[in-house]
Amino acid sequence: MNNIGNRRRRLPPELPAITVGDVIYKELRQGNKLGYPQKGGFLIATNKSTGEILWNIRLYEINIDNSKETDVQEIFFTKMKLIKNGNAILIENELDKKFEIDLETRTVLEKKK
0 MNNIGNRRRR
10 LPPELPAITV
20 GDVIYKELRQ
30 GNKLGYPQKG
40 GFLIATNKST
50 GEILWNIRLY
60 EINIDNSKET
70 DVQEIFFTKM
80 KLIKNGNAIL
90 IENELDKKFE
100 IDLETRTVLE
110 KKK
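Under this note's numbering, think of the first position of the sequence shown as 0, with each following residue one higher.
One thing to keep in mind: the hints can contain errors.
Unchecked claim - In silico PhoX-like links for lysine-lysine, alpha-carbon gap of 25 Å or less:
#, residue 1, residue 2
1, Lys111, Lys96
2, Lys97, Lys112
3, Lys25, Lys67
4, Lys67, Lys80
5, Lys32, Lys67
6, Lys78, Lys96
7, Lys83, Lys67
8, Lys67, Lys110
9, Lys47, Lys32
10, Lys96, Lys47
11, Lys47, Lys67
12, Lys80, Lys96
13, Lys83, Lys111
Hints in this document: simulated from the structure, not taken from any laboratory.
Use the sequences and the hints to build the structure in full.
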């Protein structure tokens with residue numbers, strides 16, 4: 000699918016947002032605009048009615064090698080699925096790593112294979 004580290008690569012498609020009550024959860028592909036050193040790896044929660052950002056969380060750290068193109072090192076989500084009766088979201092990234100986010104506590108658990 001994608002060759003991480005390859006100069007030319009296609010980004011995975013943006014995933015549809017998940018709505019639970021009045022909260023919309025989606026991938027944020029511009030974490031650098033929040034002051035982070037990486038673009039990918041973020042889940043953002045917004046108020047459905049107002050569009051206000053409620054919170055964001057970084058699921059994983061991307062160690063950027065400054066001697067290489069930054070864009071080809073970014074790692075984005077490939078799957079997002081609501082689980083545990085709507086209390087958690089399971090996310091998979093381009094490296095096939097899986098993360099479970101508890102929506103109440105906002106804790107991230109990396110799922111081991």
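CA of Lys83 to CA of Lys67, is that 25 Å or under? 40 Å, violated
Is the straight-line distance between the alpha-carbon of Lys47 and that of Lys67 25 Å or less? Answer violated: Lys47 to Lys67 is near 38 Å, above 25 Å.
Taken at face value, is the distance from the CA of Lys111 to the CA of Lys83 at most 25 Å? With a Cα-Cα distance of about 18 Å, the restraint between Lys83 and Lys111 holds, given a limit of 25 Å.
Hint consistency between Lys25 and Lys67 [alpha-carbon to alpha-carbon, up to 25 Å]: Cα-Cα ~28 Å, so violated.
Hinted pair, alpha-carbon criterion (25 Å max): Lys96, Lys47. Please report holds or violated. 29 Å, violated
Given the hinted pair Lys111 and Lys96, is their alpha-carbon gap at most 25 Å? This hinted pair holds, its Cα atoms lying about 8 Å apart.
Please verify whether Lys67 and Lys110 have alpha carbons no more than 25 Å apart. Not satisfied, since the Cα-Cα distance of roughly 29 Å exceeds 25 Å.
When you check the alpha-carbon spacing of Lys80 and Lys96, does it fall within 25 Å? The given pair, whose Cα atoms are some 14 Å apart, holds under the 25 Å limit.
Between the alpha carbons of Lys67 and Lys80, is the straight-line distance 25 Å or under? Violated, at about 32 Å.
Keeping to a limit of 25 Å between CA atoms, is the pair of Lys97 and Lys112 held or broken? Given that 25 Å is the threshold and the Cα spacing comes to 8 Å, the pair holds.
Would the pair Lys47 and Lys32 pass a check requiring their Cα atoms to be no farther apart than 25 Å? 21 Å, holds
Taken at face value, is the distance from the CA of Lys96 to the CA of Lys78 at most 25 Å? At roughly 10 Å apart (the allowed maximum being 25 Å), Lys96 and Lys78 satisfy the hint.
Checked against the numbered hints listed earlier, the structure breaks hints 3, 4, 7, 8, 10, 11; every other hint is satisfied.
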